Amino acid sequence: MRSPLFDQSLQERQTGQRWTLQSSKMLRVALGPDVLAAQGAMVAYQGQMDFKYEGSGGVGKFMKKMVSGEGGNLQRVAGQGEVFFARAAEDVFLIELTGDGVTVNTSSLLAFDANLAWDIKMIGNAGILAGGLFNLVVNGQGTVAISSDGPPMLLDCSQQPTFVDPQAAVCWSSNLAPTIKNDFKMGSLIGRGSGESFQLAFHGPGFVVVQPSEGQPVVTG
Numbered sequence: 001m002r003s004p005l006f007d008q009s010l011q012e013r014q015t016g017q018r019w020t021l022q023s024s025k026m027l028r029v030a031l032g033p034d035v036l037a038a039q040g041a042m043v044a045y046q047g048q049m050d051f052k053y054e055g056s057g058g059v060g061k062f063m064k065k066m067v068s069g070e071g072g073n074l075q076r077v078a079g080q081g082e083v084f085f086a087r088a089a090e091d092v093f094l095i096e097l098t099g100d101g102v103t104v105n106t107s108s109l110l111a112f113d114a115n116l117a118w119d120i121k122m123i124g125n126a127g128i129l130a131g132g133l134f135n136l137v138v139n140g141q142g143t144v145a146i147s148s149d150g151p152p153m154l155l156d157c158s159q160q161p162t163f164v165d166p167q168a169a170v171c172w173s174s175n176l177a178p179t180i181k182n183d184f185k186m187g188s189l190i191g192r193g194s195g196e197s198f199q200l201a202f203h204g205p206g207f208v209v210v211q212p213s214e215g216q217p218v219v220t221g
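All residue numbers for the sequence shown refer to my numbering, where the first residue is 1 and numbers rise by one.
In case anyone wonders, no lab produced these hints; they're calculated from the structure.
Where hints are given, some of them may not hold.
Once the Cα atoms are required to be at most 25 Å apart in a straight line, the calculated SDA-like pairs of lysine to any residue come out as [stated by the list, open to error]:
| id | residue 1 | residue 2 |
| --- | --- | --- |
| 1 | 52 | 142 |
| 2 | 25 | 50 |
| 3 | 121 | 153 |
Pairwise CB distance ranges (calculated) [as the list claims (entries may be wrong)]:
| id | residue 1 | residue 2 | range |
| --- | --- | --- | --- |
| 4 | 40 | 122 | 21 to 31 Å |
| 5 | 205 | 89 | 25 to 35 Å |
| 6 | 140 | 17 | 15 to 25 Å |
| 7 | 48 | 117 | 25 to 35 Å |
| 8 | 11 | 159 | 40 to 50 Å |
| 9 | 50 | 24 | 20 to 30 Å |
| 10 | 165 | 23 | 19 to 29 Å |
| 11 | 34 | 158 | 29 to 39 Å |
| 12 | 122 | 8 | 39 to 49 Å |
| 13 | 48 | 99 | 26 to 36 Å |
| 14 | 88 | 159 | 30 to 40 Å |
| 15 | 175 | 1 | 53 to 63 Å |
| 16 | 182 | 1 | 57 to 67 Å |
| 17 | 89 | 48 | 26 to 36 Å |
Since the model is a prediction, treat every value here as computed from it, not as a measurement.
Beta carbons are placed, not taken as given, at the ideal position from N, Cα and C, and that holds for glycine.
Generate the whole structure from the sequences, applying the supplied hints.
Written out as structure tokens, the structure is:
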């Protein structure tokens, strides 16, 4: 049998490392220690795996999950073998934490080492019209895998105020405390209006990663 599908470049990569980019669109994780992953992000695995809903870890997190729906769809992956993660052919990136932290838009989260500390945070003055903005803060020593809908852009927020569409923000420095900038104008809720009504406002030493997409468009019938 012959086919371009059997090209060596498409075969599983054996690097001896725990976290490996199988391609720019797919992540391979060799299990030993457990991994926490977004439900629905697993596309394949080899070996013996156990997938289990990850509890909230406390009443505070549980209540935030009930309100936000964010971070509530984590699953613990345990076992021996390799598990592969991807999301809608988006670009995959690895972040190595060395005692620091990162805040991740949960729609961009793929997986992270289970030993990392995590919590759900609400953006200070975010309201329901801003999307109920709850995000996942991860810190410690380990790896976090994220996805971006297209090649992302890294913005330095230390030099001047930076404003980002909430759906386009992938992740940012955990020391940053963004607020909501409200440019609401009458008529902006009818159609797309002349501009965005809400943006995340960042200012301070740190970065924000922005994807060239605002997520899947809403289909109206």
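Hints versus structure:
Between the alpha carbons of residue 52 and residue 142 the distance comes to roughly 21 Å, so the proposed pair stays at or under 25 Å and holds. Of the supplied pair hints, the one linking residue 25 and residue 50 holds, its CA atoms being roughly 24 Å apart against a limit of 25 Å. Distance hint between residue 121 and residue 153 is fulfilled; the C-alpha atoms sit about 23 Å from each other, no more than 25 Å. Checked against the hint of 21 to 31 Å, the pair residue 40 and residue 122 passes, with Cβ atoms roughly 23 Å apart.
Restraint check, residue 205 to residue 89: a C-beta distance of roughly 34 Å satisfies the suggested window 25 to 35 Å. Our hint of 15 to 25 Å for residue 140 and residue 17 holds, since their Cβ atoms are close to 19 Å apart. For residue 48 and residue 117, the Cβ-Cβ distance of about 28 Å falls inside the hinted range of 25 to 35 Å, so the restraint holds. For residue 11 paired with residue 159, a C-beta distance near 45 Å keeps the hint of 40 to 50 Å intact.
For residue 50 and residue 24, the Cβ-Cβ distance of about 29 Å falls inside the hinted range of 20 to 30 Å, so the restraint holds. Against the hinted window of 19 to 29 Å, the Cβ-Cβ separation of residue 165 and residue 23 comes to about 28 Å, which satisfies the hint. As the Cβ distance of residue 34 to residue 158 is approximately 36 Å, the hint placing it in 29 to 39 Å holds. Roughly 47 Å separates the CB atoms of residue 122 and residue 8, a value that falls within the hinted 39 to 49 Å.
Remark: the range hint 26 to 36 Å for residue 48 to residue 99 is upheld by a beta-carbon distance near 32 Å. A beta carbon spacing of about 33 Å between residue 88 and residue 159 agrees with the range 30 to 40 Å that was offered as a hint. Between residue 175 and residue 1 the C-beta distance comes to about 54 Å, which sits within the given range of 53 to 63 Å. Against the hinted window of 57 to 67 Å, the Cβ-Cβ separation of residue 182 and residue 1 comes to about 59 Å, which satisfies the hint.
The hinted window of 26 to 36 Å between residue 89 and residue 48 holds, with their beta carbons roughly 28 Å apart.
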